[in-house]
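Peer 1: Knowing the structure of chain B, use the given hints to seat chain A on it.
These protein sequence lines are chains B and A, in that order. This note's numbering puts the first sequence at residues 118 to 536. This note's numbering puts the second sequence at residues 688 to 976.
Since the hints were made in silico from the structure, they are not lab data. The C-beta atom is built at its ideal place from N, Cα and C for all residues, glycine as well. Errors might be hidden in some of the hints.
Stated by the list, open to error - Listed next, the in silico SDA-like pairs over lysine to any residue satisfying Cα-Cα at most 25 Å (straight line):
| no. | chain 1 | residue 1 | chain 2 | residue 2 |
| --- | --- | --- | --- | --- |
| 1 | B | Lys378 | A | Phe816 |
| 2 | B | Lys213 | A | Thr937 |
| 3 | B | Lys352 | A | Thr937 |
| 4 | B | Lys378 | A | Ala809 |
| 5 | B | Lys352 | A | Lys739 |
| 6 | B | Lys378 | A | Ile692 |
| 7 | B | Lys434 | A | Arg794 |
| 8 | B | Lys352 | A | Ile941 |
| 9 | B | Lys326 | B | Tyr269 |
| 10 | B | Lys433 | A | Lys739 |
| 11 | B | Lys167 | A | Gly797 |
| 12 | B | Lys352 | A | Ser819 |
| 13 | B | Lys301 | A | His689 |
Unchecked claim - Quick partial rundown of chain B residues pointing at chain A, CB under 8 Å, derived from the structure:
| no. | residue |
| --- | --- |
| 14 | Phe156 |
| 15 | Ala318 |
| 16 | Gly322 |
| 17 | Gly339 |
| 18 | Pro365 |
| 19 | Ala368 |
| 20 | Val369 |
| 21 | Gln373 |
| 22 | Phe395 |
Unchecked claim - Sample of chain A residues with no beta-carbon within 12 Å of chain B, all distances over it, derived:
| no. | residue |
| --- | --- |
| 23 | Phe736 |
| 24 | Ile758 |
| 25 | Ile785 |
| 26 | Leu805 |
| 27 | Met863 |
| 28 | Phe928 |
| 29 | Ile935 |
| 30 | Val960 |
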Amino acid sequence: MRRLVFFIAIFMFIVFSAPLPSVAAEKPIVIGAPLATAFLYGWDAERGIKLAVEEINKAGGVNVGGKKRPFAVEVIDTRDLEPGVPVSEALLGVEKLILEKKADFLIGGPVRSEAALAAMDLLNKYKKISILTTGVLTPAYHKKITDNYDKYKYCFRNTSHVGVMMNEFITMLEDLRKTHGFDKAAVMVQDVAHARAGGEAMKNGLTGKGWKVSDVKIYPTGTTDYSVGLNDSAKFGAQILFIWMDMPESAVLLKQWSDMKLKSLPVGFVCAAEQPGFWKASAGRGEYLIVNLVNGGNAPAKITPWTMKFSDAYKKKWGLEPEGYGTSSSYMAVYQLKDGIEKAGSTDTEAVIKGLENSDIMGVYGRMRFDKKSHQIIPSLDPKEGAVTGIIQWQQGNRVQVFPPKAAAGKVLLPPWMK
Amino acid sequence: MHIIIYGIINSITLSLISLGFTLVYSISRVPNFAHGALYILSGYLVWLFINKFAGFPYPFAIIASIGLTAIVGALIYRFILIRIRGMEISEIIATYAIGLAILEGLRWGGLRGGTFTLPTFAAGSVNLFDVSVDYQRLIIVGVGILTFVLLYAFTRYTKVGLALRGIAQDERAAMMLGINSDMTAIVSLAIGSALAGFAAVLLLPLGNIVVEAGYNVLIFAIAVCVIGGLGSWGGTIVASFVIGFAQILTEAFISTHYQMVVALLAIIVTLLVKPSGIFGKQKELEERV
Numbered sequence: 118m119r120r121l122v123f124f125i126a127i128f129m130f131i132v133f134s135a136p137l138p139s140v141a142a143e144k145p146i147v148i149g150a151p152l153a154t155a156f157l158y159g160w161d162a163e164r165g166i167k168l169a170v171e172e173i174n175k176a177g178g179v180n181v182g183g184k185k186r187p188f189a190v191e192v193i194d195t196r197d198l199e200p201g202v203p204v205s206e207a208l209l210g211v212e213k214l215i216l217e218k219k220a221d222f223l224i225g226g227p228v229r230s231e232a233a234l235a236a237m238d239l240l241n242k243y244k245k246i247s248i249l250t251t252g253v254l255t256p257a258y259h260k261k262i263t264d265n266y267d268k269y270k271y272c273f274r275n276t277s278h279v280g281v282m283m284n285e286f287i288t289m290l291e292d293l294r295k296t297h298g299f300d301k302a303a304v305m306v307q308d309v310a311h312a313r314a315g316g317e318a319m320k321n322g323l324t325g326k327g328w329k330v331s332d333v334k335i336y337p338t339g340t341t342d343y344s345v346g347l348n349d350s351a352k353f354g355a356q357i358l359f360i361w362m363d364m365p366e367s368a369v370l371l372k373q374w375s376d377m378k379l380k381s382l383p384v385g386f387v388c389a390a391e392q393p394g395f396w397k398a399s400a401g402r403g404e405y406l407i408v409n410l411v412n413g414g415n416a417p418a419k420i421t422p423w424t425m426k427f428s429d430a431y432k433k434k435w436g437l438e439p440e441g442y443g444t445s446s447s448y449m450a451v452y453q454l455k456d457g458i459e460k461a462g463s464t465d466t467e468a469v470i471k472g473l474e475n476s477d478i479m480g481v482y483g484r485m486r487f488d489k490k491s492h493q494i495i496p497s498l499d500p501k502e503g504a505v506t507g508i509i510q511w512q513q514g515n516r517v518q519v520f521p522p523k524a525a526a527g528k529v530l531l532p533p534w535m536k
Numbered sequence: 688m689h690i691i692i693y694g695i696i697n698s699i700t701l702s703l704i705s706l707g708f709t710l711v712y713s714i715s716r717v718p719n720f721a722h723g724a725l726y727i728l729s730g731y732l733v734w735l736f737i738n739k740f741a742g743f744p745y746p747f748a749i750i751a752s753i754g755l756t757a758i759v760g761a762l763i764y765r766f767i768l769i770r771i772r773g774m775e776i777s778e779i780i781a782t783y784a785i786g787l788a789i790l791e792g793l794r795w796g797g798l799r800g801g802t803f804t805l806p807t808f809a810a811g812s813v814n815l816f817d818v819s820v821d822y823q824r825l826i827i828v829g830v831g832i833l834t835f836v837l838l839y840a841f842t843r844y845t846k847v848g849l850a851l852r853g854i855a856q857d858e859r860a861a862m863m864l865g866i867n868s869d870m871t872a873i874v875s876l877a878i879g880s881a882l883a884g885f886a887a888v889l890l891l892p893l894g895n896i897v898v899e900a901g902y903n904v905l906i907f908a909i910a911v912c913v914i915g916g917l918g919s920w921g922g923t924i925v926a927s928f929v930i931g932f933a934q935i936l937t938e939a940f941i942s943t944h945y946q947m948v949v950a951l952l953a954i955i956v957t958l959l960v961k962p963s964g965i966f967g968k969q970k971e972l973e974e975r976v
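Chain B with its partners taken away, still in its complex shape:
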């Protein structure tokens, strides 16, 4: 009997210690993810990346010249969204991923524009391909690539930027003008570079279309009272309250707007209002707010067949709907990288750059392909033609996609006190 047990033990040892003929046997392709993990745009990106990696590995991995290799993820906290943390901190994180964690490719951040722009030189130094998927809305990123392709060809971005977002907002507001006769807007933005630029661009854009726009109100980060600005907007007769803020205190603005029952529809880029928990957190006072989630799929929608598949998979794995900006783009970047590597047939940097430039897949938020000169995702209002935005409105506790029309699941609703 003891001998039988001994042989069974030996047999089990051999069975479980023998190399499996599966994907796990091959050397993994390491994805380094530099992200500000304490903030929404960081942790949701991390979750998106991990979900995609899990799905791809489960399906056999990446076909690299006939060999199936799995992905592995190394995440590092760049802390670049924390106040007072210098850009150098994020750069150290990127360098650590490359040198210590031996990342083959980077996906994610750095998240703050200043840090991402500075990291471009590091990517050139180490010849590492990066797909930027979250934060960083500045057009300067892809402009740098266009202006100096040879130096910055390693950088790709599969998420939108301010220039595109402005046009989307203006198109949507023009639609509202036709439907409801709106022609006056007030602009309230946070005192950070991207928001100030966004506010000014919005003012100029709308003025150019014949709108009357009040002076841009700029609020320091951490402001907890917006009553003066809101009262001024009411005196001005604004029907649109355009907001561009990524600070959590913007929730105060929305609560004040709701309590004051202002006859204006709040629209904008409001980080605090992106997450599924916002409605409950604002005790329903975020109802009717229209938020730009930058890319489609950051909330449940029916943009492509993959959108709800992704949304359901995300909910199953993480226990909640896709949370906000950075989720769908980070998820898709892993699939784009897979496609680029498979097209290249190797993980060689130059070959994968060409592979990514030729990649063209129907993803979570439409057709996904990079512009060959700027490495910027090609946007469109039609998911069949390009990557579409995710502009949603809070309606009865749900984030309902209301723009662009070809991807919309509902119409814009006005608060009852505006009628």
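Peer 2: Same frame as chain B, now just chain A:
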């Protein structure tokens, strides 16, 4: 009228934020740089009670949270500050480090994003002289004024309050009369922390509980105390009104952009013109000596 109403609201908000910091400094001479962290901790505790323990009534959650924050304050003195009492630089470093540990610990523990909020005491708004004001802000004004009155009465008509004042005025003389200096400091830290917690439960329902607010609260508390005169209660209230109205006037007539600058500029002007602050008499005497 809008400027007057919101100026008063803003000023009382600043007073509530700063009272705990002033109280601790005036009695124990400890600059409690963990004040902002205790403010957020208290708000987070209320959130935990009402969201993680089903059926926990909101008023009990508030009381429990303020009580726990007071205990944390007392423990900070009993186990850390008592060893470095009188060494001002060490006190600053220690309290700031404790504050950092609390705030970053909360962030690490999951306090991230904008979905941590407390319910308002009453929803809706009312028009006062044609100015819309929400009920929560009116409650803040009422409760704030009541707090000032009760604190005044506490320090003048109760044994503990008189002991606190005794230590604040002359520690050695108070000790000769049998007042225990360390125990008084523990009580002051506990009350100061409870006041930070009290401010949190009143003010946080206006927005959300975020780690960054802890740093902002500390900046404003310091600004108010420097301008009013470190350790001066009257100075704290006057300085709150100076900053509160300066901010609203700046917002209305110059630009919203400069709201924060006004508070910091006021600190610089005060330090240049009257370094001891508006009511900083004791410090002024020390400076003369």
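Peer 1: Can you verify the interface hint for B:Phe395: is its Cβ closer than 8 Å to any Cβ in chain A?
Peer 2: At about 6 Å, which falls below the 8 Å cut-off, the nearest Cβ of chain A leaves the hint on B:Phe395 intact, so it holds.
Peer 1: Starting from B:Lys352, check that the Cα of A:Ser819 is at most 25 Å away, please.
Peer 2: The given pair, whose Cα atoms are some 13 Å apart, holds under the 25 Å limit.
Peer 1: Given B:Ala318 as an interface hint, is its Cβ closer than 8 Å to any Cβ of chain A?
Peer 2: violated, 17 Å
Peer 1: Please work out if B:Lys378 and A:Ile692 have their alpha carbons no farther apart than 25 Å.
Peer 2: holds, 18 Å
Peer 1: Keeping to a limit of 25 Å between CA atoms, is the pair of B:Lys352 and A:Thr937 held or broken?
Peer 2: Holds. B:Lys352 to A:Thr937 sits at ~18 Å (cutoff 25 Å).
Peer 1: Given the proposed pairing of B:Lys378 with A:Ala809, does the C-alpha separation stay at or below 25 Å?
Peer 2: Within the cut-off at roughly 16 Å; holds.
Peer 1: Holds or violated: is the Cβ of A:Val960 farther than 12 Å from all Cβ atoms of chain B?
Peer 2: The claim stands: A:Val960 keeps its Cβ more than 12 Å from every Cβ of chain B (closest is about 25 Å).
Peer 1: Is the Cβ of A:Ile935 farther than 12 Å from every Cβ of chain B?
Peer 2: Label violated. Min Cβ-Cβ 7 Å, cutoff 12 Å.
Peer 1: Given the proposed pairing of B:Lys167 with A:Gly797, does the C-alpha separation stay at or below 25 Å?
Peer 2: Given that 25 Å is the threshold and the Cα spacing comes to 19 Å, the pair holds.
Peer 1: Verify the interface restraint on B:Gln373: the C-beta must sit less than 8 Å from at least one C-beta of chain A.
Peer 2: Hint on B:Gln373: holds, closest Cβ of chain A at ~7 Å, below 8 Å.
Peer 1: Mind checking the CB of B:Val369 against every CB in chain A and telling me if the closest is under 8 Å?
Peer 2: The hint holds - B:Val369 has a Cβ within 8 Å of chain A, the shortest such distance being about 4 Å.
Peer 1: Please check whether the beta-carbon of A:Ile785 is more than 12 Å away from every beta-carbon in chain B.
Peer 2: holds, 18 Å
Of the numbered hints stated above, those contradicted by the structure are hints 2, 5, 9, 15, 16, 26 and 29, listed in ascending order.
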